[in-house]
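Engineer: Order-wise, the sequence lines are chains V and E.
Start counting the first sequence at 1; every next residue gets the next number (full-length UniProt numbering).
Start counting the second sequence at 1; every next residue gets the next number (full-length UniProt numbering).
The hints are simulated quantities; they were obtained by calculation from the structure and are not laboratory data.
Errors might be hidden in some of the hints.
[As the list claims (entries may be wrong)] Derived contacts from chain E toward chain V, CB cut-off under 10 angstroms, selection only:
#1 5
#2 41
#3 42
#4 45
#5 47
#6 80
#7 201
#8 204
#9 210
#10 213
#11 215
[What the hints assert, rightly or not] Away from chain E, derived, C-beta distances all over 12 angstroms, residues of chain V:
#12 26
#13 82
#14 124
#15 225
#16 226
#17 227
#18 289
#19 568
#20 580
#21 584
#22 589
#23 673
Heads up, the beta-carbon is just placed ideally off N, CA and C, and yes, glycines get one too.
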Amino acid sequence: MSTTAELLKGAAELFPDEVVTSAHVRHFDLPFGAGRFALVTLDNGLDHTKPTTFGPASLANLNAAIDQVEKEAAEGTIVGVGITGKPFIFAVGADLKGVELLKRHEDALAIGKGGHEVFKRLAALAVPTFAYYNGAAMGGGVEVGLHCTYRTVSAAIPAFSLPEVFLGLVPGWGGCALLPNLIGAEKAVSVIIENSLNQNRQLKGAQVYELGIADAIFEGADFLEQSLLWTAAVLKGEIVVERPAVDRGEAWDQAVAKGRFVADSKVHGAAPAAYRALDIIAAAKNGDLQQGFDAEDQALADLIMGGELRSGIYAFNLVQKRGKRPAGAPDKNLARPVTKVGVVGAGLMASQLALLFLRRLEVPVVLTDIDQARVDKGVGYVHAEIDKLLGKGRINQDKANRLKALVTGVLDKAEGFADADFVIEAVFEEIGVKQQVFAEVEAVAPAHAIFATNTSSLSVSEMASKLKHPERVVGFHFFNPVAVLPLLEIVRGEQTDDASLATAFAVAKKLKKTAVLVKDAPAFVVNRILTRFMGEIQNVIDEGTPVEVAERAVEPLGLPMSPLVLLELVGPAIGLHVSETLNRAFPERFTVSPNLKAVVEAGKRGFYVYDSGKPELDPEVAALLKQGDVVLTEEQVRARVLDAVAQEIGLMLDEGVVAEAQDIDLCLITGAGWPFHLGGITPYLDREGVSERVNGKRFLAPGVASVPA
Amino acid sequence: MPRTVRDVVFVDGVRTPFGKAGPKGIYHETRADDLVVKAIRELLRRNPGLDPKRIDEVAIAATTQIGDQGLTLGRTAGILAGLPQSVPGYSIDRMCAGALTAVTSTAGSIAFGAYDAVIAGGVEHMGRHPMGEGVDPNPRFVSEKLVDESALFMGMTAENLHDRYPSITKQRADEYAVRSQEKAAKAYANGKIQQDLVPVSVRRTSPEAGETGWGLVTADEPMRPGTTLENLAGLKTPFRVHGRVTAGNAAGLNDGATASIIASEDFAREHELPVKMRLVSYAFAGVEPEVMGYGPIPATEKALAKAGLSISDIGLFEINEAFAVQVLAFLEHYGIADDDARVNQYGGAIAFGHPLASSGVRLMTQLARQFEEQPQVRYGLTTMCVGFGMGATVVWENPHFEGDK
Chain V
1 MSTTAELLKG AAELFPDEVV TSAHVRHFDL PFGAGRFALV TLDNGLDHTK PTTFGPASLA
61 NLNAAIDQVE KEAAEGTIVG VGITGKPFIF AVGADLKGVE LLKRHEDALA IGKGGHEVFK
121 RLAALAVPTF AYYNGAAMGG GVEVGLHCTY RTVSAAIPAF SLPEVFLGLV PGWGGCALLP
181 NLIGAEKAVS VIIENSLNQN RQLKGAQVYE LGIADAIFEG ADFLEQSLLW TAAVLKGEIV
241 VERPAVDRGE AWDQAVAKGR FVADSKVHGA APAAYRALDI IAAAKNGDLQ QGFDAEDQAL
301 ADLIMGGELR SGIYAFNLVQ KRGKRPAGAP DKNLARPVTK VGVVGAGLMA SQLALLFLRR
361 LEVPVVLTDI DQARVDKGVG YVHAEIDKLL GKGRINQDKA NRLKALVTGV LDKAEGFADA
421 DFVIEAVFEE IGVKQQVFAE VEAVAPAHAI FATNTSSLSV SEMASKLKHP ERVVGFHFFN
481 PVAVLPLLEI VRGEQTDDAS LATAFAVAKK LKKTAVLVKD APAFVVNRIL TRFMGEIQNV
541 IDEGTPVEVA ERAVEPLGLP MSPLVLLELV GPAIGLHVSE TLNRAFPERF TVSPNLKAVV
601 EAGKRGFYVY DSGKPELDPE VAALLKQGDV VLTEEQVRAR VLDAVAQEIG LMLDEGVVAE
661 AQDIDLCLIT GAGWPFHLGG ITPYLDREGV SERVNGKRFL APGVASVPA
Chain E
1 MPRTVRDVVF VDGVRTPFGK AGPKGIYHET RADDLVVKAI RELLRRNPGL DPKRIDEVAI
61 AATTQIGDQG LTLGRTAGIL AGLPQSVPGY SIDRMCAGAL TAVTSTAGSI AFGAYDAVIA
121 GGVEHMGRHP MGEGVDPNPR FVSEKLVDES ALFMGMTAEN LHDRYPSITK QRADEYAVRS
181 QEKAAKAYAN GKIQQDLVPV SVRRTSPEAG ETGWGLVTAD EPMRPGTTLE NLAGLKTPFR
241 VHGRVTAGNA AGLNDGATAS IIASEDFARE HELPVKMRLV SYAFAGVEPE VMGYGPIPAT
301 EKALAKAGLS ISDIGLFEIN EAFAVQVLAF LEHYGIADDD ARVNQYGGAI AFGHPLASSG
361 VRLMTQLARQ FEEQPQVRYG LTTMCVGFGM GATVVWENPH FEGDK
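One chain only, chain V, in its complex shape (with noise of 0.2 angstroms):
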């Protein structure tokens, strides 16, 4: 057995439940007499719902393959060989259950190792070797097509990227050294860098074409038959294949600076994945394939043994498994259909959530409020949006024609309401408001009808308490802005029952939305967090910090931004409200900080000014402040602010907010845009010791979005 052979038999061991992709070799003859060929297919023999992965034992599989099509280029029986995929699938990567389960650095190498063992065999084969990118093709899946002589791609592909440091690592089976050599570091920085930093972004296959990473592009139709046909063609030498040289000069360190500052912008060196991968383009440069294969297997050893890799698979777990199927939802056959919604109010919220209704559901929305001009408005607000879908062409005139006839505005509750199935209130954040529109719509609406509110900080029980059937009332806490960030938090009033809750995660669902349970709690979680949060950097600012410092001191977080950026995003009077509400439900933990009081009084909406390009403090802000004199260093703050959000998420465990610290960390991570290297947060909080020195025990078990012990 080759030494390869045995590093994956090692590996398998580790490994027990892989879902093994089998390498199949078939052989046949190339048309126009260009010669016998050995076409490898990668499937793992799944629908293409499950796609193909390599693990150890899918390794072993590739590797055997490549064995016997070695052996047949070597007595010259085969003229090439190719690779694809199964059906919709070429693959999609390393197996991360594999990944996760790997305890000691020198596994982790292994793994590296492994891969690159088996995947240089094919650059190294006595023949060209040809990939073909038939579909999905993702991390390990892309990188085994860049070892090949040549490739192609289905136009149809809609989906290609090296992803691996969206979630920490780096593409270190190849990507890093091979990519740049291919397309040169700029565009091999874009994908690397930018588009996994950009929220995973993929690439089309027109767009793998056009960056060179494939050399010829086929239509999804015939795409094999065709790519075979350029195949024989290349054999026999009637096509040449002509690659830009790749420019080794000044242009590969700028494309490295530029990744850096993108990085930079991302995760402000919080997360080490993309800054390794940077380090490995540019050692590159200077062409040394196989030096850059063993940086790429010291980078995924470190990466896989560190917390922020681990706290990024258990994010895109949380992201991808649990806020699909939400934790403590009702059986989802207690839903009732949904097939008229009602809007109280024609505000920007109120027109933003009917917009969403009307576009996911396409089911009748009607507005109403106090008077027809706003209605007129909101009606108005969301045939406008229509319409600029219509002109980017997200939608066609049909669709458009459909989407109008739906939404209507009227000033009678009764007209509008008397067959809706679900009503959603979006008014003025006052408890009587809210309970006098909703026994209003009690009045006229059917007797089986779900009432939501999008109440950011009222009890939800409150509000339904004066009702004649509360148990139809749930909190529907959407994320501004509604159409981006995912999160939806669905409130389980003290009365709710079953078959409301149920109905509301069925809508959430075909609303696209992250749903996640959450108790009838003051300002339930993600609010709750970020006010602690800023609450706490507002503190040390108040007691005398300087502005600054006390931002700083948050950087290494990684945040998407800096806490006083983001109370300008949410608007310091909103900010302040929601402190308020927090102070008179918890005065012990959360303050109203008189200097936030000061600039929302002075009419102020943010507390910077960008005159001269970066932010500045306002000085009409800084002329405000009133501070103490208690001065503390960044990792004073730093350790402060943690304290105090491991103190309130592990009240919120305590309390029942939430099933588990996971529904925290997804709510973070979806409603807040807290990053995957954080794991949302309690990854972070444990791995730093924050947990244990407050609360005095860890969010997580060891092993969950941690190296195992």
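Using the hints provided, position chain E relative to the given structure of chain V.
Structural biologist: Structure of chain E alone, referenced to chain V:
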């Protein structure tokens, strides 16, 4: 409004390699509609002068129009092939003469002026859709003796045809079959067939049939080069005890698709499309269903009469070899020798296979190649027998004809 009938031409034709039906066949895991799609796309690639927007119709034949051969295949295959949505399509059924009827129906419409250019073809995946799948014959056929019970079983009708022509012995049928295999092998060796085949990628997941994974089919699977009379002599006669029809002197059960471009001659010339054959006449005829193999004889008589030609004017014949006896009956009727050089020069369905509704265009594609090579020939014909007692014949003129030089 006065009308002028327009000349109709066969521009080009292609087909997939034919496969053997069944679990070990090359197309066992390939959809029928995909076979049609690949043929249509190859036609378009070969004829860049034909703007897809100008295609007025896609007529695709299939005998069993359910599943992947259903759903108005002409329309769905057009969309799947990437034709513009503005191009319409429909499905046709005349069993074995499906593709032939797709050509004649659209040709009639072209002559009338309704279309300028069309795609006409056919498909039969007899592995996915065995003969007789889902049929429900009216019981009156039997109770009122409208047809003989053997009419639904093509092998039995072939035995019946042997009865009608006692001089056509099993020996003659086997000799004919051996020649068909020899001619087909020679045509392959000379590259006559491959030039009109579109390669098809095929997937295999079951190891019983051979190597698994994706492969590429570039040649007909059913061919048995080197077949001898001795090989054939020992074969069973499944349709009648001590019968004459065997798997060796009949076409098999096959999978495959064909497609052609048919256009008005003016349109073809204007767009610089090839003109491979010019349509002269066509005819269909009915005969007793229990001797359906007799069908080509009256159909040809009708088609020749309409063209004002006699059998002696025909320089090349492409006769579908559903059964050797059916070809021999035709030749005997017209006094043509069993081994006449004008007949099936490249061999026939006994060698290549006969995926029912697809075969008509295969005959035309082969006749077109023979016209190119033989400019001394002015007229040729394609003819086939059809289930339930029919025959179909199309008479073609060779545009390369150089006169009686």
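Engineer: Which hints, by number, does the structure contradict?
Structural biologist: 1, 5, 12, 13, 15, 16, 17
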